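Sequences and hints are given; from them, build the entire structure.
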Amino acid sequence: MKSLTLPFHLGEDNGDRSRLGMAMLVVLTLLLVIACLISLGSGPTGADLGHLWLYLTGRSAELAVQERVVLEAVRLPRTALGVLVGAGLGVSGAMMQGLFRNPLADPGIVGVTSGAALFAVAGIVLGASVLAPVSMLLGSHFLPLMAFLGGLLNTWVLYLIATRDGETSTSKLILSGIAVGALSLAAMGLLIFMADDRQLRDITFWNLGSLGGATFTRVLSILPFVAVVTGIIPFVARGLDALILGDAAAFHMGIPVQRLKRLVILAVAAACGATVAVAGSIGFVGIVVPHLLRLVIGPSHRFLLPGSALGGAALLLIADSVARTIVSPAELPIGIITALFGAPVFLMLLLGRKGGAGMGGL
Amino acid sequence: MQAFLKTGFLALLLAAPLPGAAAFASDGQNPKAQRIVSIGGTVTEILYALGAEDRIVAVDSTSSYPPGTRGKADVGYMRALSAEGILGKTPDLILTEDGAGPPDALSILKASEIPVVTIDTPPEGSAIAKKIRDVGHAVGLDDKAAVLADKTDRDLKALSETVAKLPEKRKRVLFVLSLAGGRIMAGGKETEAAAIIEMAGGINAADGISGYKPLTDEAVIGARPDVILVMQSGNHGVKPDEVFALPAFQSTPAAATRSLIQMDGLLLLGFGPRTPEAGRALAAHLYPEAFPG
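Chains as they are written, first to last, in the numbering used here: chain H, 1 to 362; chain C, 1 to 293.
Everything labelled a hint here was simulated from the structure, so no lab data went into it. The structure presented is a predicted model; accordingly, all values stated were derived computationally and were not measured. Since no wrong hints were added, every one of them can be taken at face value.
Pairwise CB distance ranges (calculated):
#	chain 1	residue 1	chain 2	residue 2	range
1	H	A132	C	E218	32 to 40 Å
2	C	E218	H	S129	27 to 35 Å
3	H	N207	C	R258	37 to 45 Å
4	C	A146	H	P344	54 to 62 Å
5	H	L104	C	G68	46 to 54 Å
6	C	G208	H	L340	40 to 48 Å
7	H	M194	C	E218	15 to 23 Å
8	H	M136	C	P167	44 to 52 Å
9	H	F346	C	M185	35 to 43 Å
10	H	D48	C	P31	30 to 38 Å
One-sided and incomplete, this derived list gives chain H residues near chain C with beta-carbon spacing under 10 Å:
#	residue
11	G43
12	A73
13	V74
14	R75
15	G139
16	A195
17	R198
18	S210
19	A214
20	S328
21	P333
All C-beta atoms, glycine included, are put in the ideal place defined by N, C-alpha and C.
What follows is the structure in structure tokens.
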């Protein structure tokens, strides 16, 4: 399985790197604040930051009903959701890449996305027939809950398959992930065959991802999961750094490898399950952001993980602002924007770094 | 902060699914509306037919008839609407079909105190008149709508009387939604296609399936269609030679008589004011002897 892993080179974690890392975090925080303001202040209606100021300072009586509704029911929850989803995707991607020692690993590798997609499609297709009672009961929370459940279930199954004698093999996890992924794809094909025209379009739109359904309920519902995955950063950063040298080396450095793997996999699965549930599958954020950061501040997870959270949030907010305004009054699915922006940047990075060092910058 | 918490709570309330999301035409209307956002091809078509064209500020992507709709702003696909995008057009009435959504977007629209009227649109000839009256009522054109609805009902009745007098031997019609890559996607039971075929006095040949599904070649042969019905796409239709060259169609009765009917998709499947016309046109294609001229 060695062939799947690419060599990571630990940058010397000296003072320069530390200063650079800190500086990067400050820059990213500023970027995120700017992205928040852009997201809150732009949109197809006239509501702008001036209105937002009135609203936040308790003078919402001076606003028209429409402006108030746009600010409080559309822009605020949407921006909050964008921050959480982006941060969750960014940090999850970085953690997975560290855990699997593979720069191309994304949370999908532990089956979250395929499981979530399968359950979401099942929800869309069967929501009016077999699953109708559940769907009626849960209302608009039905689809997110289905996706979340599917993501966690799939990861749990994969984890059980890959764990023998209390030891989780990452290579087994990847391989069984491919098999289980193929299986869910087949099941999804079956459901798509059963679907009618309308459901097919729903599936397509779900797959492209969107922050469109943002409400404060959704924000609150994914908050704990994103809080956990970002909250464990200080506890896993050193372990992930050590893991770059291999499981055995990390173990001898005193890292509880198995516990680390379990913690990271579960936290990432929960966070990604939650983000996929509320926003559909949004690609590329989890790969592009950590990759860009590694090029600048090196592979140390101490800065890479929080940086990926901040950068992911900023990238997603900017992408969403574009998605909302570019074809107004309609709305472009955000997955299109992140991939349109992400893929070329990714290619440029790869091509710009000639020679074997291309991926080795990780 | 307090204001934020308070409004957060309000937003939570907004987020809760509204009871009876499939609202009826009576729960909101604005007879004087001058900035209507029309969502759904049939609703838009009815508004145009009622002469309310100038009062429409935006339509959705399924509203493709009449051609004038292309000049209106497009709010996107009716099941993936953006609440703020629609609010950006400062509408004073939003007309939708059942199935428009997502529900969150609709509840935001309702919260912003803009009347939202949802029209029930089942694919049945008998339901068209009610659709027209509902739309007319919502925009304050009850009289015009009543005239159009009565005319539609009369036309449908006239068509069904003509169809009833047709010879006993009815034609078996296979509606083919797409022929991409030689794979035949046919219209089965419970589709708009089945309804219009029946209205025109035909028999849906693909009654073994429900919905639009791919058929195997053998199933097509087994369906013994006398006529193949396809949608016209743009200006270049399908050529009969191409269709009947497919192995599935070669041995069908339709191939022997080279019976291929092409009709505009929205006209055929829209179930709006033009449906009597569509049914009559299809019937005339099927039984030319019964419809002279």
